[in-house]
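**Q** The lines below spell out each chain.
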Amino acid sequence: MKILVGYKRVVDYNVRVQVRPDGSGVVTDGVKQSPNPFDEIALEEALRLRDKGVATEVVVVSIAPSDAQAHLRNALAMGANRAIHIVSDQPVQPLTVARTLLKLIEQEQPDLVILGKQAIDDDANQTGQMLATLWGRPQATFASKIDINGDKATVVREVDAGLETLEVELPAVVTTDLRLNEPRFIKLPDIMKAKSKPLQTITFADVAAEGGETLKITHYAPPPKRSRGVMVKDAAELVAALKQKGLL
Amino acid sequence: MTKVLIVAEHFEGKLNAATAKCVSAAQALQPDSIDIVVLGEDPASAAAEAARITGVTKVLTVANVANSPPIAQVLAPQVSQLASGYSHVFGPSTTFGKDLMPCVAALLGVSQVSDLMAVVDSHTFKRPIYAGNAIVTVEASAADVVVATVRTASWPEAARDGSATVEAVKVETALPTHTRFVGLTAGKSDRPDLQSARRVVSGGRGVGSKENFKIIFDFADRLGAAVGASRAAVDAGYCANEMQVGQTGKIISPELYVAIGISGAIQHLTGIKDAGTIVAINKDAEAPIFEIADIGLVGDLFKLLPELEAAL
Chain A
706 MKILVGYKRV
716 VDYNVRVQVR
726 PDGSGVVTDG
736 VKQSPNPFDE
746 IALEEALRLR
756 DKGVATEVVV
766 VSIAPSDAQA
776 HLRNALAMGA
786 NRAIHIVSDQ
796 PVQPLTVART
806 LLKLIEQEQP
816 DLVILGKQAI
826 DDDANQTGQM
836 LATLWGRPQA
846 TFASKIDING
856 DKATVVREVD
866 AGLETLEVEL
876 PAVVTTDLRL
886 NEPRFIKLPD
896 IMKAKSKPLQ
906 TITFADVAAE
916 GGETLKITHY
926 APPPKRSRGV
936 MVKDAAELVA
946 ALKQKGLL
Chain B
51 MTKVLIVAEH
61 FEGKLNAATA
71 KCVSAAQALQ
81 PDSIDIVVLG
91 EDPASAAAEA
101 ARITGVTKVL
111 TVANVANSPP
121 IAQVLAPQVS
131 QLASGYSHVF
141 GPSTTFGKDL
151 MPCVAALLGV
161 SQVSDLMAVV
171 DSHTFKRPIY
181 AGNAIVTVEA
191 SAADVVVATV
201 RTASWPEAAR
211 DGSATVEAVK
221 VETALPTHTR
231 FVGLTAGKSD
241 RPDLQSARRV
251 VSGGRGVGSK
261 ENFKIIFDFA
271 DRLGAAVGAS
281 RAAVDAGYCA
291 NEMQVGQTGK
301 IISPELYVAI
311 GISGAIQHLT
321 GIKDAGTIVA
331 INKDAEAPIF
341 EIADIGLVGD
351 LFKLLPELEA
361 AL
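So the protein sequences, as listed, match chains A and B. With the first letter of the first sequence counted as 1, position 235 gets the number 940 in our numbering; the numbers rise by one all the way through. With the first letter of the second sequence counted as 1, position 208 gets the number 258 in our numbering; the numbers rise by one all the way through.
Honestly, I wouldn't trust all of these hints.
With a Cα cut of at most 30 Å, we get these calculated DSBU-like pairs of lysine-lysine [to be verified]:
1) B:Lys-323 / A:Lys-737
2) A:Lys-737 / A:Lys-950
3) A:Lys-930 / B:Lys-333
4) B:Lys-264 / A:Lys-950
A few chain A residues that don't get close to chain B, going by computed Cβ distances all over 10 Å [said to hold, decoys possible]:
5) Gly-758
6) Asp-794
7) Lys-808
8) Leu-883
Just so you know, these hints were derived from the structure itself, not from any lab. Quick reminder that beta carbons are idealized off the backbone N, C-alpha and C, glycines included.
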């Protein structure tokens with residue numbers, strides 16, 4: 706079984722993102738970039754399925770600028786068999802990503818595609834669902850547990866009401882939630898090993914699907930700020946303050 | 051013509067409050083009409099509720115045994131077919147809507163406006179990115195249908211004094227059979243629902259253990275509040291995941307939010323920014339939660355909570 710994993714590079718989750726004063730974007734120069742945390746979980750899950758003997762090959766794919774080779778080497782060091790770098794210096798919207806991944810799927814014929822449920826930069830939460838739709842295959846989003854049984858996968862999903870279990874026929878698209886697993890740390894020997902693993906580079910134009918972007922971001926603004934309130938000394942003062950606000 | 055179609059979320063015959071919030075967002079478009087579609091095995095009672103939401107023109111019902119429980123890939127082709135003639139298709143930014151609406155968008159050939167928080171004009175919207183650390187203005191092409199999920203914390207529920215007509219419709223389209231619903235394990239609770247509660251009490255890592263979390267539940271019960279938790283508390287196994295409040299959990303807007311033993315990581319603050327009044331109780335006076343709290347109290351939660359309960 707072959708697993709394809711989406712692996713996006715984003716501003717590190719510990720960075721407090723700042724909006725440029727002219728509203729043209731967020732400051733990314735000199736800011737630490739890391740793999741999208743949900744994508745690391747996706748890769749970890751694929752590697753565990755390979756460790757268990759369920760999968761034989763794990764292929765990671767990233768649509769990223771030309772300077773993102775180290776990002777893909779990182780995935781190889783974590784354990785992916787090979788990596789595909791689709792070079793695009795422009796940011797791409799979810800529908801375009803889904804269309805591009807579908808083209809890749811036609812070539813790669815994976816049995817399972819695992820993506821993060823959202824990227825922590827645009828927080829769109831769309832790509833997996835769109836890919837499943839365009840591919841005409843099942844989706845199981847927000848997964849916290851994946852079991853493969855033959856040509857089916859049983860996936861536990863984290864939904865607002867609790868935990869939902871779906872059984873989907875393979876191939877399918879699964880998107881990861883936080884509790885699916887804890888990604889492994891990369892060891893130094895693995896970084897050395899990753900240098901000799903195959904990393905294929907494809908120009909975005911070669912796999913770009915028809916149809917352009919449908920949304921345009923015209924302005925970035927910092928969020929409205931909540932200001933610091935008052936400090937109270939003890940429980941009695943807190944209760945009094947709440948009563949004064951009419952909350953009790 | 052601005053015509054909005056809203057996909058209703060419902061469960062066991064009851065309409066989810068998020069649907070009425072979608073109606074508020076739709077009203078901000080100053081539309082010519084707002085229709086709601088209820089897909090289910092027996093959509094009648096949820097449809098009757100939807101018909102009472104103020105501002106709704108018509109409620110469409112699609113009765114099909116395949117629509118219950120809802121599976122995104124089953125609902126999407128039906129919704130996209132019904133979308134013809136509409137300028138906007140909205141769903142709630144709940145796990146139901148997040149699962150379904152991008153499928154509808156893909157079938158209609160557009161990217162989705164996720165977490166719509168404000169309407170500038172009929173094709174221009176505001177939405178949060180980077181966990182709410184930036185707000186972007188997004189323009190959709192006037193030639194395309196707009197597909198959006200509505201950020202429920204940003205919109206009030208529309209009132210319920212309407213009387214829209216309910217109309218059963220048939221959708222002729224092939225539905226996939228590749229997905230089977232196995233089951234739903236719901237966290238059974240008599241407490242108010244976290245997403246829609248007026249008061250929420252949340253515990254964080256400072257609570258210290260699963261056993262200790264009882265003190266949070268007890269305090270919440272005293273206030274008649276729903277119970278939430280920080281990601282740290284969920285990760286530590288103190289409570290169930292569906293209680294998580296924050297960027298990767300639930301984004302809520304209660305009148306009163308009480309954060310207990312929560313330091314205030316960015317991703318948690320994202321989930322509570324729209325709360326009316328935020329109260330923080332933490333033993334660390336330097337905790338970032340105090341930077342945004344309306345009322346802060348520094349101290350030991352195990353000493354303070356019993357005192358608070360006594361003073362209430």
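**Q** For Lys-930 of chain A and Lys-333 of chain B, compute the direct alpha-carbon distance and say whether it is at most 30 Å.
**A** holds (24 Å)
**Q** Holds or violated: are the alpha carbons of Lys-264 of chain B and Lys-950 of chain A at most 30 Å from each other?
**A** With Cα atoms ~27 Å apart, Lys-264 of chain B and Lys-950 of chain A stay inside 30 Å; holds.
**Q** Would the least Cβ to Cβ distance between Leu-883 of chain A and chain B come out above 10 Å?
**A** Given that some Cβ of chain B is not farther than 10 Å from that of Leu-883 of chain A, nearest at about 6 Å, it is violated.
**Q** With the threshold set at 30 Å, check whether the alpha-carbon distance from Lys-737 of chain A to Lys-950 of chain A stays at or below it.
**A** violated (43 Å)
**Q** Taking 10 Å as the cut and beta carbons as the points, is Asp-794 of chain A off the interface with chain B?
**A** The claim stands: Asp-794 of chain A keeps its Cβ more than 10 Å from every Cβ of chain B (closest is about 19 Å).
**Q** Regarding the assertion that Gly-758 of chain A does not contact chain B, is the least Cβ-Cβ distance greater than 10 Å?
**A** Non-interface label on Gly-758 of chain A holds, nearest chain B Cβ at 24 Å vs cutoff 10 Å.
**Q** For the pair supplied as a hint, Lys-323 of chain B and Lys-737 of chain A, confirm whether the alpha-carbon distance does not exceed 30 Å.
**A** Distance ~26 Å between Lys-323 of chain B and Lys-737 of chain A Cα, so the pair holds.
**Q** If we take the beta carbon of Lys-808 of chain A, is the closest beta carbon in chain B still more than 10 Å away?
**A** holds (15 Å)
Comparing the model with each numbered hint stated earlier shows that hints 2, 8 do not hold.
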